[in-house]
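Since the structure of chain A is provided, determine the placement of chain B on it from the hints.
For reference, the chains in residue letters:
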Amino acid sequence: MSLVDEFEEAREDLEALLVECLATVLHEEAGPAWGAELPPEPTFSARLAIQNPEDGACTGVVVSTSATVGRLFAARMMAVAEPSTDDMLDAICELGNIIGGNVKSLLRNACRLSLPTAEITELPVPRSGGAGVTVQAMVLGQLVELTVGGNAEPEGLCWPGSSSEEILETQQ
Amino acid sequence: MRILVADDSKTMRMIVVRTLRQAGYEGNEILEAEDGAQALAMATADVPDLILSDWNMPNMSGIEFLRALRARGAAVPFCFVTSEGSDEMRTLAEQAGAVGLIAKPFTAEAFSDVLRTVVSA
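Protein chains in written order, with our numbering: chain A, 1 to 172; chain B, 1001 to 1121.
Treat the hints as calculated values from the structure; they're not laboratory data.
Heads up, a few of these hints could be off.
Cβ pair distances, simulated, as ranges [stated by the list, open to error]: (1) 55(A) <-> 1120(B): 43 to 53 angstroms; (2) 37(A) <-> 1071(B): 48 to 58 angstroms; (3) 1049(B) <-> 153(A): 36 to 46 angstroms; (4) 79(A) <-> 1029(B): 14 to 24 angstroms; (5) 1075(B) <-> 35(A): 33 to 43 angstroms; (6) 86(A) <-> 1046(B): 46 to 56 angstroms; (7) 1001(B) <-> 81(A): 26 to 36 angstroms; (8) 1113(B) <-> 34(A): 27 to 37 angstroms; (9) 1119(B) <-> 120(A): 38 to 48 angstroms.
Since this is a predicted model, take the numbers as computed values, not measurements.
For each residue, glycine too, the CB sits at the ideal point set by N, CA and C.
In isolation and in its complexed conformation, chain A is listed as follows:
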């Protein structure tokens, strides 16, 4: 089965996963959306990769939403009235981490998940159209997108742990 076929086959599960994660994290009703566009305003994105340890191949996971939602997420998740930009980046990172972990459990269980990284772009980044699927959900009247794609570049991402014998030694 090609990557495109695999991701297409998982589309409904990915939609359900996105909706459930948003609803549980925000304690709000969420529902699937189709064919919507992110508004022309700064966009917050969290990016992760799921790497197959055998061949190094990476599946990319990107969660994107508008600055409006980024602010809303941070305010809700951190229980603050006026979240800073760093708060918003941390909140979208954690949302990406939650969704990425669930995507891994769904599609790539034996692989390893990177740590999330977040960025702000001036406008929504056009979808690459590569081997992957994008699913959408609405929460609080706002759009959130999840893109899962194959052949992702792990550059710029960090990986958990590393175990550091050095760390262990210095702390003993």
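Quick look at chain B alone, frame taken from chain A:
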């Protein structure tokens, strides 16, 4: 009760602490660590009664933290709070000595269900 919360996300640490309160675990001393290495140092110095730890963290992951802790003979109840809740991860956690795994996203009820078997509110 002293509870150590380890997660590299400030947002998630705040959510975990808030959810602990919602689950009935109020009035506890909360210690926060940003990664496994810091958590190991704090757990050694301050000996918590319960540890809630993320799995994927920089410097030292949650599972590395747990193994290091158990290798030192510490028997403090240790529960993962992680976005990866597959059966394989649960088995790995149990084999390393964790008492539970709470999958993100979680509810206060999920916290109660797991923690009531380990500590009293």
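So, going through the hints one by one against the coordinates:
For residue 55(A) and residue 1120(B), the Cβ-Cβ distance of about 48 angstroms falls inside the hinted range of 43 to 53 angstroms, so the restraint holds. At about 52 angstroms, the beta-carbon gap between residue 37(A) and residue 1071(B) stays in the expected band of 48 to 58 angstroms. Checked against the given bound of 36 to 46 angstroms, the beta carbons of residue 1049(B) and residue 153(A), roughly 44 angstroms apart, stay inside it. Between residue 79(A) and residue 1029(B) the beta carbon distance is about 20 angstroms. The supplied range of 14 to 24 angstroms therefore holds.
Checking the proposed 33 to 43 angstroms range against residue 1075(B) and residue 35(A) shows it is violated: the Cβ atoms sit about 55 angstroms from each other. The hint said 46 to 56 angstroms for the Cβ distance between residue 86(A) and residue 1046(B), and at roughly 27 angstroms that hint is violated. Range check, residue 1001(B) to residue 81(A): Cβ separation about 30 angstroms, and the 26 to 36 angstroms hint holds. A hinted range of 27 to 37 angstroms holds for the C-beta pair residue 1113(B) and residue 34(A), which are about 35 angstroms apart.
Checked against the hint of 38 to 48 angstroms, the C-beta distance between residue 1119(B) and residue 120(A) comes to roughly 41 angstroms, which is consistent with it.
In terms of the numbered hints stated before, the structure departs from hints 5 and 6, listed from lowest to highest.
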